[in-house]
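**Student:** Residues per chain, in single letters:
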Amino acid sequence: MSTETPSDAGVAQSTNAGVLRLMITRFRRGDSGMIPIVIGLVILCIYFQVRSSSFLSVGNLTNLMIQATIFILLGIAEVWLLLLGEIDLSAGYNAGLGGGLATILVDQQFHWPWYLAIVAGLAASTFFGALWGMLVIGLRLPSFIVTLAGQLGLEGLLLWVVDSQGTGGSISITQPDLYNIVYGDLTPLFTIILVVGTVALLSFSLIRRNSSRAARKLESVPALLMSIRIGGLVIAGGLLILIFNTDRGGKFTSIRGMPFAILIVGVVLGGCTFIMNKTKPGRYIYAIGGNAEAARRAGIAVNRYRLMAFMMTGLISGIAGLVYVSNLNGISDGINGGTLVLYAVAAAVIGGTSLFGGRGKMVHALIGGFVIATIYNGMALIQLGAPQQYIATALVLLAAVTIDSLARRGSTLVH
Amino acid sequence: MSTEREPILELRNINKSYGSVKALTDVSFKAYAGEVIGLVGDNGAGKSSLIKTISGVHNADSGELFVDGIQRHWKSPHDSMAAGIETLYQDSGLAPDLTIGSNIFLGRELTRNGPLGKFGFLDQKSMERQALEELEKVGITVPLSKRTVSQLSGGQRQAVAIGRAAMWAKHVIILDEPTNHLGARQSLEVLKVIRAARDQGLCVLFISHTLPHVLEVTDRIIVMRLGKVVKDSLTSEYTVESLLGTITGLNT
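Residue numbers (this note's numbering), protein chains in the order written: chain A, 1 to 415; chain B, 1 to 252.
Hints may be right or wrong, so weigh each one.
Said to hold, decoys possible - Keeping only pairs whose Cα atoms sit at most 35 angstroms apart, straight-line, the calculated DSBU-like set for lysine-lysine is:
| no. | chain 1 | residue 1 | chain 2 | residue 2 |
| --- | --- | --- | --- | --- |
| 1 | B | LYS137 | B | LYS125 |
| 2 | A | LYS361 | B | LYS30 |
| 3 | B | LYS30 | B | LYS125 |
| 4 | B | LYS137 | A | LYS280 |
| 5 | B | LYS231 | A | LYS278 |
| 6 | A | LYS280 | B | LYS170 |
| 7 | B | LYS231 | B | LYS30 |
| 8 | B | LYS125 | A | LYS278 |
| 9 | A | LYS278 | B | LYS170 |
| 10 | B | LYS22 | A | LYS280 |
| 11 | B | LYS125 | A | LYS280 |
| 12 | B | LYS137 | A | LYS278 |
| 13 | A | LYS361 | B | LYS137 |
| 14 | B | LYS137 | B | LYS231 |
| 15 | A | LYS278 | B | LYS75 |
| 16 | B | LYS75 | A | LYS280 |
| 17 | A | LYS361 | B | LYS146 |
| 18 | B | LYS75 | B | LYS22 |
| 19 | A | LYS280 | B | LYS192 |
Unchecked claim - Partial chain B-side listing against chain A, Cβ under 7 angstroms, derived:
| no. | residue |
| --- | --- |
| 20 | HIS78 |
| 21 | GLY93 |
| 22 | ALA95 |
| 23 | PRO96 |
| 24 | ASP97 |
| 25 | LEU106 |
| 26 | GLY107 |
| 27 | GLU109 |
| 28 | LEU110 |
| 29 | PHE121 |
| 30 | LEU122 |
| 31 | LEU234 |
What the hints assert, rightly or not - Here are the computed distance ranges between Cβ atoms for each label pair:
| no. | chain 1 | residue 1 | chain 2 | residue 2 | range |
| --- | --- | --- | --- | --- | --- |
| 32 | B | THR248 | A | GLU293 | 27 to 37 angstroms |
| 33 | B | ASN43 | A | MET134 | 37 to 47 angstroms |
| 34 | B | THR111 | A | MET134 | 21 to 31 angstroms |
Keep in mind the hints are simulated off the structure, nothing from the lab.
By construction, the Cβ of each residue, glycine as well, lies at the ideal position given by its N, Cα and C atoms.
Build the full structure now, drawing on both the sequences and the hints.
**Tutor:** What follows is the structure in structure tokens.
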């Protein structure tokens, strides 16, 4: 791999010896990427594996990924608003409402087709996202307060809707298609095709972008670092295939293949990343979050894109809600949407997204969501309960914002 | 200034009041392509009101405004931008978390045609290449890379902002205190860019309190006091002392 060095004449930082120096420079200017947090995640995994040999079993790892989906999806939802310097505290209950509505609509009483129920659930979540957006934009209210009210209001609405079904405060999913979001799997062959295809596509675009940068004498990444990145992708892909395609069913059944929920996360993450990097709305959201006045002067319809971000947060919260009800096999009036949304914000910030707007990526929610799910899952395995889980998550969050803040001081412009 | 030349920007008897406060009284001047005009005056002299009138933030109560010989009425700042006037306000109008290329093209992105010929995706490569070419034209050599604007020095940022205005302006760029908060060497960078923009054939309106900068870079200086133009002469006719005297009204 390292023989395919892109033409790096004239690009000072492209020597392999400069990898470490490049990384230090980048860290200094607040651009260290996700390397520290990935190292932290690996250390966490090693610790849990030493303490409990079942941590790295395929069954538990699949379980961990399913647990992470809700944090990742809600985290992605929050990144849309965090990039604007806004926040949605209602996302947890908005997820509960979207998922709960879909659950109720496929129920015996209504028996809507599953796809219409899903559309209705997502529409409801998007509607509430849009409502908060209109209040924030139209009345110039702070999103923190509007969505705090939204959190309380949606909790009330959810309690009312769920309790009015007369099933004692919880509704089970009897409809297979909703249940299968989490418990249905792709076939092992399709899992392999999908993972190999994704790894190949990502590697190809990494190489192409880097060699094109090098060809234009722009700052490019040394071949060694490129090899590490692509090697990492290949190893991660291989591990995913191994995890998903090993039978995790136990004695009586056979369960193999990638759960649909993982595919959903991949599609949402890929789609949102694409919008952010390759389209005008994505570019404008970064611009507005960094300097709204500059964006306005550049002729950008600032409020239109702010409303769009609120709606995307609602929509993705709804998707998270569908995964949530599928995983828990129903909706209960005891859903703790307040804690869920704080975990979601924590996931985005742990991954490296700033709370102050302008800086962040969708993939931060992925890595942060994994960190939280790992703590959650690992501590339960080694018999530590909720108190320790909360405290450990608190420490990781504090460490992440400290790194973020130190990095910001390293960059020349403080917002 | 030869009088046969057609002025690129002309103001005739512009008046503007905020309530009972008269901000501009019968302001008239002509500005030509390829010249840098200094606009100076004490706080409250009407400089900001005048800029806002030219750039379309608000309209004058009375008076006429011509750009390239055509009389104009602005409905919004976009109208003035469309007519070829770019304005750079005191705080730099850049998005700190985007790259230089992205900032240059902010709001005017190039796209590759999408499947329906409408829903195009950003053509980052062309934008970066064109930004580099355009910035070089006005003598700006910032490293064009993945680096965001927040990682540039104050002077580089201001140079990029002016380069951006110079790239898109057809006729006039208005610079409000572009050397404010900049160190001596960084200010020199900015003044260099202003000269380069003039040599491109643009008319530059340079507003500043830093009189040595004004005297160094401008061809002509318009002095305002209490909403009126009190002096409009070639820069060579001023010294720091006489300019200061005209601004404060202690001599004329």
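**Student:** Take the hints in turn and mark each one as holding or not.
**Tutor:** Consistency of the hints with the structure:
1. LYS137(B) x LYS125(B): holds, 19 angstroms
2. LYS361(A) x LYS30(B): Violated - the C-alpha atoms of LYS30(B) and LYS361(A) are around 49 angstroms apart, more than 35 angstroms.
3. LYS30(B) x LYS125(B): violated, 41 angstroms
4. LYS137(B) x LYS280(A): holds, 27 angstroms
5. LYS231(B) x LYS278(A): violated, 51 angstroms
6. LYS280(A) x LYS170(B): holds, 24 angstroms
7. LYS231(B) x LYS30(B): holds, 13 angstroms
8. LYS125(B) x LYS278(A): holds, 11 angstroms
9. LYS278(A) x LYS170(B): OK: LYS278(A) and LYS170(B) at ~29 angstroms, within 35 angstroms.
10. LYS22(B) x LYS280(A): Given that 35 angstroms is the threshold and the Cα spacing comes to 42 angstroms, the pair is violated.
11. LYS125(B) x LYS280(A): holds, 15 angstroms
12. LYS137(B) x LYS278(A): Between LYS137(B) and LYS278(A) the Cα gap is close to 28 angstroms, so the pair holds against 35 angstroms.
13. LYS361(A) x LYS137(B): holds, 34 angstroms
14. LYS137(B) x LYS231(B): Holds. LYS137(B) to LYS231(B) sits at ~33 angstroms (cutoff 35 angstroms).
15. LYS278(A) x LYS75(B): Holds - the C-alpha atoms of LYS75(B) and LYS278(A) are around 32 angstroms apart, at most 35 angstroms.
16. LYS75(B) x LYS280(A): With a Cα-Cα distance of about 26 angstroms, the restraint between LYS75(B) and LYS280(A) holds, given a limit of 35 angstroms.
17. LYS361(A) x LYS146(B): The given pair, whose Cα atoms are some 15 angstroms apart, holds under the 35 angstroms limit.
18. LYS75(B) x LYS22(B): holds, 22 angstroms
19. LYS280(A) x LYS192(B): Measuring from Cα to Cα gives roughly 33 angstroms; hence the hint holds.
20. HIS78: Nearest chain A Cβ about 6 angstroms off; hint holds.
21. GLY93: holds, 4 angstroms
22. ALA95: holds, 4 angstroms
23. PRO96: holds, 5 angstroms
24. ASP97: holds, 4 angstroms
25. LEU106: At about 4 angstroms, which falls below the 7 angstroms cut-off, the nearest Cβ of chain A leaves the hint on LEU106(B) intact, so it holds.
26. GLY107: Cβ of GLY107(B) sits 3 angstroms from chain A, so the hint holds.
27. GLU109: holds, 6 angstroms
28. LEU110: violated, 10 angstroms
29. PHE121: The hint holds - PHE121(B) has a Cβ within 7 angstroms of chain A, the shortest such distance being about 5 angstroms.
30. LEU122: Since chain A brings a Cβ to about 5 angstroms from LEU122(B), closer than 7 angstroms, the hint holds.
31. LEU234: violated, 32 angstroms
32. THR248(B) x GLU293(A): 27 to 37 angstroms: holds, 32 angstroms
33. ASN43(B) x MET134(A): 37 to 47 angstroms: Given about 40 angstroms between the Cβ atoms, the range holds.
34. THR111(B) x MET134(A): 21 to 31 angstroms: The hint (21 to 31 angstroms, Cβ to Cβ) holds, given that THR111(B) and MET134(A) are roughly 29 angstroms apart.
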